[in-house]
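Enquirer: With chain A held as given, fit chain B onto it using these hints.
Protein sequences, first through last, are from chains A and B.
For the first sequence, our numbering begins at 214 and goes up steadily by one.
For the second sequence, our numbering begins at 31 and goes up steadily by one.
No false leads were slipped in.
Think about it this way: if two alpha-carbon atoms lie no more than 30 angstroms apart in a straight line, the pair counts; the simulated BS3-like pairs of lysine-lysine are: (1) B:K239 - B:K73; (2) A:K423 - B:K393; (3) B:K273 - B:K100; (4) A:K423 - B:K445.
Have a look at the derived ranges for each label pair, beta carbon to beta carbon: (5) B:D444 - A:W426: 27 to 33 angstroms; (6) A:W247 - B:D58: 17 to 23 angstroms; (7) A:L417 - B:L125: 49 to 55 angstroms; (8) A:W426 - B:D58: 28 to 34 angstroms; (9) A:A430 - B:R293: 46 to 52 angstroms; (10) A:I324 - B:S399: 40 to 46 angstroms.
If you are wondering where the hints come from, they were derived from the structure by calculation, not from laboratory data.
These numbers were taken from a predicted model, which means no experiment stands behind them.
Every residue gets a Cβ at the ideal spot worked out from N, C-alpha and C, and that includes glycine.
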Amino acid sequence: MSDSTKTATDVADDEIDFQELYDAAPRQKFRFSWTGWIGVIVVTFWFLIAILGPFIAPYGENDLPYPDAYSEFQVPTAKALLGTDVDDRDILSRIIYGAGRTIGISLAATILAYLVGVSLGVTAAVSGRWIDMGLSRVNDAFLSLPTIMLGLVVIAAVGSSLTVLIFTAGLIYATIVFRISRALAMDIMVQDYVEAARARGEGLWWIIRKEIWPNAAMPMISDFGLRLIYVILFVAGLSFLGLGVQPPAADWGNMVRENLGALQHVPYEACPYPKNAAGEDNWLCGIGTKFAVLAPALAISTLTVSINLIVDDLSSYAGGKLTKGM
Amino acid sequence: MSEAAKNPDTDNVILDVRNLRIIARREDGSTLNIVEEIDFTVKRGEVIALIGESGSGKTTISLAALGYAKPGLEFADGEVFLNGRDVLDLDRHGLRNLRGREVAYLAQSAAATFNPSITIGEQVTESAVLHGIKTQEEATKKAIELYHALELPDPEQLGSRYPHQVSGGQLQRLMAAMALCGDPDLLVLDEPTTALDVTTQIEVLKAFKTVIREQGAAAIYVTHDLAVVAQVADHIVVLYDGKIQEAGTTDQIVNSPGHDYTRRLMSAVRPTPSSDLASAKQEETDAGPAMEVKDVTAGYGRNLDGSPKVTVLRDINVKIERGHVVGVIGESGCGKSTLARVMAGLLPASQGDVLLDGESLPKTVRERSRDQLRRVQFIFQMADTALNPRHNIREIVGRPLEFYRGIRGRERTDKVAELLQMVDLEPDMMSRLPSELSGGQKQRVALARALAADAEVLLCDEVTSALDTIVGAAVIKLLRRLRDKLGVSYVFISHDLSTVASFADEVVVLYAGRVVEQGPVKEILSPPYHPYTRLLIASVPELRIGWLEDTMGTREAMAGIAGAVDLNAPGCPFSERCPLAIPGTCDVEVPPNRVDESGEHIIACHIEFSGLEREQTAV
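The shape of chain B in the complex, shown without the other chains:
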């Protein structure tokens, strides 16, 4: 406390980081700076964003506010004053008192933070009671107050429910309640919305913003997403390679970035989906579609009559033209990954057909011929787990060459080198293990493995979702180049509409296992929209201060953001969240497929094209 008294300016300063340097020690004893020369302060009621890609040291710095260094890291220089006291000098006991009481940490994944067998109320209040900050009654009262502030449903009863009984977005907000229950002075939020769907992301962002303001706490917000930061932060600190590149108010950074790296981050921000973004239309070929999905219904489990116990996909029709990119979009649980699995033969469809080059494919991998398998390749979301950690890159990329094409020995090695170059990797990486590569490099290796098969259709399941914006943008660029060069077709699955919009030729919008809209990307991104597509487009954060408030005020957001998805809804599955729903029709009858004059744009809605267009251009 004496430190604070010396400096009159620090009255409102909660956290003061001065010249912080954190090092890692190598096996040979030499050291490596992980972060250095870090200076910033956080005042009461302020949100500071630490922004940078993975490896930039943003999480390491934020954890220093808790006096914590990850295993293998050491504090080398500098001070971290929290409420005027240097947390780096505290012993274990002092740190335990500090954490949860003065500073609280919110991790990325709420699902991993909550214990599934303890009620929500108990977990939210636990730390406050344990630290002796509040009695159980006071803590419970505070928790209910926070549930109200976070706009959680049924605040009075929520505490007695279990984590699996609430949605992912609600769980994420409950984590904020957990952190705030002990009235901490500082909140550290580590990528709290990165794993969420866009529609869920807005509701969580808004709740965080309100609650931080109301509680008068200060916060450090760690993320790689500049558009998100623009909505919640007061100040932004831009990091690259462990050093501060630029720091300033949100307004300065967003509207007049001074540093090259900041500008680069901004250029990688997902652009607002709009029809001018659509790539030039690919030339039509007369050869017919490369792949086609016809009337497919699929799901998990099997009833006696052969129908699935849980139907995930219903009556799906998709055509993948040669050399085209078909974007498949929807929230998590809408069945988009299931569609790719059906196409790859990993999950047999209970009805319908998958055609490759006009020929019907057998339903399962086992029945398909090696050549049929070769022509359709699957790329997984998590390159981390899709590459065997015990195989080196040569084996991983070389296996399809050997398996499908019988290429062995020296020829195989040469071919692997060629493939690695094709995906912008150095051929001398061949003897490395996947764990020695960065996230983006791993995804490139996974891509090289698919190319090794000389595939015609690549099924890309959320391939950029686990990557930072910059790295993700580079991967997309690579995919586009390969398409132009090799003429492959992609099925590009994503929950990120702006990525799809900038890359796809046709878009399929899935909701609750049904296609609600499909057509050329230009048509999808301009009115008339399906009301759900409209909601998705509106939910993509824009790099503009005040966007969040504007969006939350719209009719779509108010009606649709916090809705549950019912796979077995009798009528239109979206009717509950739809601002245009016609009671008595939409919730009872299955909507008809409406087709425009060109025959390419399909919307499944009870309202006609003209009606939708009138509603959507009026606002």
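This is chain A alone, in the form it adopts within the complex:
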């Protein structure tokens, strides 16, 4: 400001002999724990399979490894590495094709849920009482319906297709995302640094983008993982009920359903070597015929558990904010 006041005052203050003690913790770097690394490896594996599926699958999803024989529930052999399913098809190829569909649909639905949920949730948090009230009550009404029932009703009404599936799952899970993002944004809106931005005269959009978003991002990202798990289970569940991906297209959920029979029915002729050299029952015959059900179930659980392992590390880094926000 005015230069005239500058004159007499830059006198050195008496020296500060004692430095202010450094009482801040050093910046923490994000690191995966060993369980987190397992999660990363398994998730990367499944995503690669999902993308590369058609190029690496040994057969087409509806091709038969043994085209000339009656061959349901065959045990693994060199020709069909995971055996065959109820309709004589190669299980490995169907798992590989199914990966793309299950993961693709779930991912698209979760992204949709986030787009809708976050934009409405943040809108509710930053706008006045009435908009917040209106959005929240409508959201509560939807939240009160059981998800699978809601899905059943919608699909029963309009029929199943990929688009319908993505939109149904996306919108159903948008309700929960709305809740979480609203709570997170509300929490941040009352912080002093938002008040400081407001006192500076910043616009609402700037505040959302620069003040709220960087602080909400970490918990949101870990919630995205959690939500993805729920959506995978939801889509698999719908397919299991026959409402999701329609046969003959492969999907992990409907693979379990199609092959449920394997759990009870084990045709003797499915096992080419029922006895081993010593004359005992071949253990592979017992479990081998059940791969038709076990393989897709295992695929679903390894994927969801691995995502969870990653989320665990993310949310502990974010300081447990996620659990508070929920």
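Expert: Structure of chain B alone, referenced to chain A:
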């Protein structure tokens, strides 16, 4: 127990800390000493003070008495004998028996310690009953005894009330009751009065002192405030950077400190407010005040007629002259932060005007122009929360440059470096996040952000309250230097009268949302005072042994210390706590504003200047 038997001297020793070293482990596996070579003992009936600034390791040491190390810390060397047993050797079960039974811990914030949905009585007696030390009846009886000793109101019924039904100072004392209910041998008090107003602080201090003496317990008192320690402690241990600098009796340390650091701590002690402290008067300019608050009434909520549901401020008139510091002082809840928020446009006033440079400002931030906003900047109490944890220092300080002045890119970076130097920070801190700075550094960054706007008026809301005395004193020094250099004006809000006294040119004393006294700092600090100002001045702890007893004996303290504040009192809001109150007048009629000959000193009181002066100089 066998350890104690070996040494005949330890009969009365409750806690014996020997050569304690606590370390932190870094990510790369190397270790760092947090505290080292710590030796001290606590005897029965004694209070030992651990004193030092934040980061000095005082809390870490006190927690070692409970056998507890904060996450990330480990006990490396040494022994901590409590009643002759090394607590560092105990397993979980042993520790659980120890805590609450032999040693009790009192945290800084009582409000955070009490569960709002459980009655006070249940919470006070819980630990004693849980540990099987007492039956519920015995514990309740003991609790009532303690309520009496702590001079809490209505001891018989207090137990059935809930935490929100008592005041902050009472809650703090209840925490002491909670800790003492199980008859522990050792009490660890961690900054128990730091968050309190001065008037509340005295009553709590006195209660602690009495009760520790009566119960025959020993105590460790952790604080950074030497003046407080002088009132309650028998021995003082001065800490800096995890090492003991000096230890001795309170008398030795206070009256003949041996170590440089102790002397430095003493120089940072808030001096007793007196009129010789007042800074030289700033020259008057003819340009008129930089900012002015005229007849402002404000509050929260809104009735149909536009008046606030809860009125926090009534008829406030304040002038901020160019280059002057206006101190606003009062207890928590008196409306001082609300005043700053009204001035910043964060809370629209329901009546009255805020003028900037003679022009009326629109009431809300949204209606004000960018230039009007630029000229008035707000600095928050907690720099911790006022800086976005995800923005680095460059972004934080650079934003106002860009927003108000359109400075971008390289020029912005240079300017940020210049601003950081102006507040005594290294420019290479620019890429750090706020969490990587210490408390004082964060407050300096907040200050640099306000300066970046090239503001004319800085609204400082309790900017030093969350800082240690030494760090706070350094920040004040910086503010003063900046004022001289840049000619900015400050509105300096604080509950700490001595800080205000040493820094402000004019002082406004707020009570229950009304100005009870205002004027040049010299006038405020010498008689005649408003009775409330007098109480505030008397409540600031002095670095003198015996001060507490002397003060508690005065008329002001007896009448005024434990009083409730009524925002809607019909007459003078202070009448209930006032030693000079005239029944039938003060509690019914609004007091008139009395002005002295110079026209600058205003006291809102039913008693005239001469009457006040006679009363106050007589004692």
